[in-house]
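Here is how the chains run, residue by residue.
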Amino acid sequence: MSTASVPLPNWINYGLIPLINLLLAFLVSGLVIWFIGQNPFDAFVSLVQGALGNGESISFTLFYATSFIFTGLSVAVAIHAGLFNIGSEGQAYIGGLGAALVALSLDRYVPWYVTMPFAMIGAALFGAAWAFIPAWMQAKRGSHIVITTIMFNFIGAPLMVFLLSHVLIVPGKQAAESRTFLEGGQLPKLDWLINIFGSSIGAAPLNVSFLIALVMCFLVWLLIWRTKLGYEMRTLGLSPTAAIYAGIPYARTVIIAMLISGGLAGMMALNPVMGAQARLGVEFVAGAGFVGIAVSLMGRNHPFGIILAAILFGILYQGGDSVSFDMPEINRDMIAMIQGLVILFVGALEYMLRPTFVRLYQLFGRA
Amino acid sequence: MDYYDILISVLGSTIRLSIPLIFTALAGLFSERAGVFDIGLEGKMLAAAFAAACMATFTGSAWAGLGAGIVVSVIFGLLHGFASITNRGNQIVSGVAINFLIAGLTVVLGQAWFGQGGRTPQLGADARFVPIILPGADAMRGVPIVGPLYANVISGNNILTYLAFLAVPISWWILYRTRFGLRLRAVGENPGAVDTAGISVTWLRYRALICAGILCGFSGTYLAIAQSAGFIANMSAGKGYIALAALIFAKWKPVPVMLSCLLFGFLDAFSNFMQGKSVPGIGEVPVQIFQALPYILTCILLAGFIGVAKPPKAGGVPYTKER
Numbered sequence: 147m148s149t150a151s152v153p154l155p156n157w158i159n160y161g162l163i164p165l166i167n168l169l170l171a172f173l174v175s176g177l178v179i180w181f182i183g184q185n186p187f188d189a190f191v192s193l194v195q196g197a198l199g200n201g202e203s204i205s206f207t208l209f210y211a212t213s214f215i216f217t218g219l220s221v222a223v224a225i226h227a228g229l230f231n232i233g234s235e236g237q238a239y240i241g242g243l244g245a246a247l248v249a250l251s252l253d254r255y256v257p258w259y260v261t262m263p264f265a266m267i268g269a270a271l272f273g274a275a276w277a278f279i280p281a282w283m284q285a286k287r288g289s290h291i292v293i294t295t296i297m298f299n300f301i302g303a304p305l306m307v308f309l310l311s312h313v314l315i316v317p318g319k320q321a322a323e324s325r326t327f328l329e330g331g332q333l334p335k336l337d338w339l340i341n342i343f344g345s346s347i348g349a350a351p352l353n354v355s356f357l358i359a360l361v362m363c364f365l366v367w368l369l370i371w372r373t374k375l376g377y378e379m380r381t382l383g384l385s386p387t388a389a390i391y392a393g394i395p396y397a398r399t400v401i402i403a404m405l406i407s408g409g410l411a412g413m414m415a416l417n418p419v420m421g422a423q424a425r426l427g428v429e430f431v432a433g434a435g436f437v438g439i440a441v442s443l444m445g446r447n448h449p450f451g452i453i454l455a456a457i458l459f460g461i462l463y464q465g466g467d468s469v470s471f472d473m474p475e476i477n478r479d480m481i482a483m484i485q486g487l488v489i490l491f492v493g494a495l496e497y498m499l500r501p502t503f504v505r506l507y508q509l510f511g512r513a
Numbered sequence: 060m061d062y063y064d065i066l067i068s069v070l071g072s073t074i075r076l077s078i079p080l081i082f083t084a085l086a087g088l089f090s091e092r093a094g095v096f097d098i099g100l101e102g103k104m105l106a107a108a109f110a111a112a113c114m115a116t117f118t119g120s121a122w123a124g125l126g127a128g129i130v131v132s133v134i135f136g137l138l139h140g141f142a143s144i145t146n147r148g149n150q151i152v153s154g155v156a157i158n159f160l161i162a163g164l165t166v167v168l169g170q171a172w173f174g175q176g177g178r179t180p181q182l183g184a185d186a187r188f189v190p191i192i193l194p195g196a197d198a199m200r201g202v203p204i205v206g207p208l209y210a211n212v213i214s215g216n217n218i219l220t221y222l223a224f225l226a227v228p229i230s231w232w233i234l235y236r237t238r239f240g241l242r243l244r245a246v247g248e249n250p251g252a253v254d255t256a257g258i259s260v261t262w263l264r265y266r267a268l269i270c271a272g273i274l275c276g277f278s279g280t281y282l283a284i285a286q287s288a289g290f291i292a293n294m295s296a297g298k299g300y301i302a303l304a305a306l307i308f309a310k311w312k313p314v315p316v317m318l319s320c321l322l323f324g325f326l327d328a329f330s331n332f333m334q335g336k337s338v339p340g341i342g343e344v345p346v347q348i349f350q351a352l353p354y355i356l357t358c359i360l361l362a363g364f365i366g367v368a369k370p371p372k373a374g375g376v377p378y379t380k381e382r
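Here the protein sequences line up with chains H and L, keeping their order.
With my numbering applied, the first sequence closes on residue 513, and no number is skipped along the way.
With my numbering applied, the second sequence closes on residue 382, and no number is skipped along the way.
If you are wondering where the hints come from, they were derived from the structure by calculation, not from laboratory data.
Mixed in with the good hints, there may be bad ones.
Unchecked claim - Cut-off 30 Å, straight-line C-alpha distance, at most; resulting in silico cross-link-like pairs (DSS-like, lysine-lysine):
id : chain 1 : residue 1 : chain 2 : residue 2
1  : H       : LYS319    : L       : LYS380
2  : L       : LYS372    : L       : LYS312
3  : L       : LYS310    : L       : LYS369
4  : L       : LYS336    : H       : LYS286
5  : L       : LYS312    : L       : LYS380
6  : L       : LYS310    : L       : LYS380
7  : H       : LYS374    : H       : LYS286
8  : L       : LYS310    : H       : LYS286
9  : L       : LYS312    : L       : LYS369
10 : L       : LYS380    : L       : LYS336
11 : L       : LYS380    : L       : LYS369
12 : H       : LYS286    : L       : LYS312
13 : H       : LYS286    : L       : LYS369
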């Protein structure tokens, strides 16, 4: 008998199965570390200490997590509408342009708290604009959103390099980057938040955008589960045919969902561009858009899950630096591998263990 | 340098840059025609490049390198199959996972084995596929027009280049003239019908992924031990995605696949050539335009403005027998 239609309680579906898949991913990573002649337990200790050992490392972890929350939300909103947005990377990159243009034009006149709302709007608008064309193509011309968003990642990258090396470049300088923002274009660090816990932020660039990310989580939860639009998006995600029969406008819902998704991806740029580097440079997204896919999958597309998953990936990113420092035989790229395994086990192989759990549940759960 | 010499040199690099695209796009052709999306082309190419370079380093044999490249690429193809066919996981997610996994794994293993930051050691000529001078190339060189074309574009490539052009008619023959090919295409359009005919959808799709793995093995091997003399981290550099674009641009047909790969290869070669040169009346053309052009063209095609690109109907959907 097929096991796919047997219902399982939520704590197994959303708690136990992802957790065990995650453990499997870590187990395989450990095997690879063991295979190259290193001690996986030493690597694990170094990773956790490097990511959570003191206030500074925790702040670094949360700094990475901030970016991943934004891109994770971006991917999740699209998935709820049945759209797989692989373009968060490119949307965040272009979003950085929006944030930087605001920062560059306002930073000498007003303080950061005036610049910030405009920068948020700028980043979201540019990110949404970059998501609009693939969305329109999916909604009106029937082209596959996965392919078009990949293509747009590759169109965005050279576009940004061109703008940075020809238009925004500081005259007389070689580096393809904008000028450094003045204080009015920089987001302040969250020293006080870390000081509450009796620790110090050190050199970590954790900044106000972490709080914006948390607010966005709440707003996304509100949107998806508490509004008519969210209901329409979820219906579309479950069954486009049913949604269209129910009178939900397909094209409009697809486009709005992608605009929100792109806007959230674009806002991610606030964190590295205005929070950390105080300038627009090349490659500042650094793969966070793709991490968002893993974060969203692991968080089961729920904002609360996304926060947890983003922190986990923050730990991996920050801890990865410390592992490669402590154990030179292990490269920082170990993180990409672990990430790949997490996506594989939690995302692509999510149904692998289900039949086993159904059998176990039928044996013990009902007794 | 006169114009003809320039043309010859651009055509020569067009060929060199197209070969990995042709192998990879043909790999995608097999997989997608059987109804399995393959975003993991990029990763399989990279894995094969790493395996080929390692094996060539250890054994000193280019052919052993090719064998290793194919084996490793097929293994990852089977992993994709295990996730997306057997476990009915999302094909896109599985492909993305494989790309990440391989991007990290190759550097980690490379660092552990060779300690050069993920590179493999430089290979000598005997461990690589070196250019073959076709008979009469030197004698022909003096002949106007045809001579340089024969000597510098047609001759002087390595054996994998010729195999790539051979792979195109072979793929066409397999897909359109064999029973396996007919069934493979059918399973990408209507797996239910194939299943009703008593043919295993699962096994057919696995075989399609094995074909794709073999072809990606060739393309990765070409990158690492024919075009270059060793593996460098992330050396596939988005070529897997360009191949995917070429596949769509060719509307999932073998001969157009070759032509669109040559077109994208030409754009690449031309942008390299144009770097720092200025066009009369326009000025310096930014390289970035050529870099983005394949993707822009593919999007325009996908939007249906220049013909319609219709993917196989069952693509991306895991097949479930009725319960």
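Checked hints:
1. H:LYS319 with L:LYS380: With Cα atoms ~63 Å apart, LYS319 (chain H) and LYS380 (chain L) exceed 30 Å; violated.
2. L:LYS372 with L:LYS312: holds (15 Å)
3. L:LYS310 with L:LYS369: Status holds; Cα separation ~7 Å.
4. L:LYS336 with H:LYS286: violated (40 Å)
5. L:LYS312 with L:LYS380: Status holds; Cα separation ~29 Å.
6. L:LYS310 with L:LYS380: Answer holds: LYS310 (chain L) to LYS380 (chain L) is near 29 Å, not above 30 Å.
7. H:LYS374 with H:LYS286: holds (23 Å)
8. L:LYS310 with H:LYS286: holds (20 Å)
9. L:LYS312 with L:LYS369: At roughly 11 Å apart (the allowed maximum being 30 Å), LYS369 (chain L) and LYS312 (chain L) satisfy the hint.
10. L:LYS380 with L:LYS336: Violated: LYS380 (chain L) and LYS336 (chain L) sit about 59 Å apart, past 30 Å.
11. L:LYS380 with L:LYS369: Holds - the C-alpha atoms of LYS369 (chain L) and LYS380 (chain L) are around 25 Å apart, at most 30 Å.
12. H:LYS286 with L:LYS312: holds (25 Å)
13. H:LYS286 with L:LYS369: Status holds; Cα separation ~15 Å.
Of the numbered hints stated above, those contradicted by the structure are hints 1, 4 and 10, listed in ascending order.
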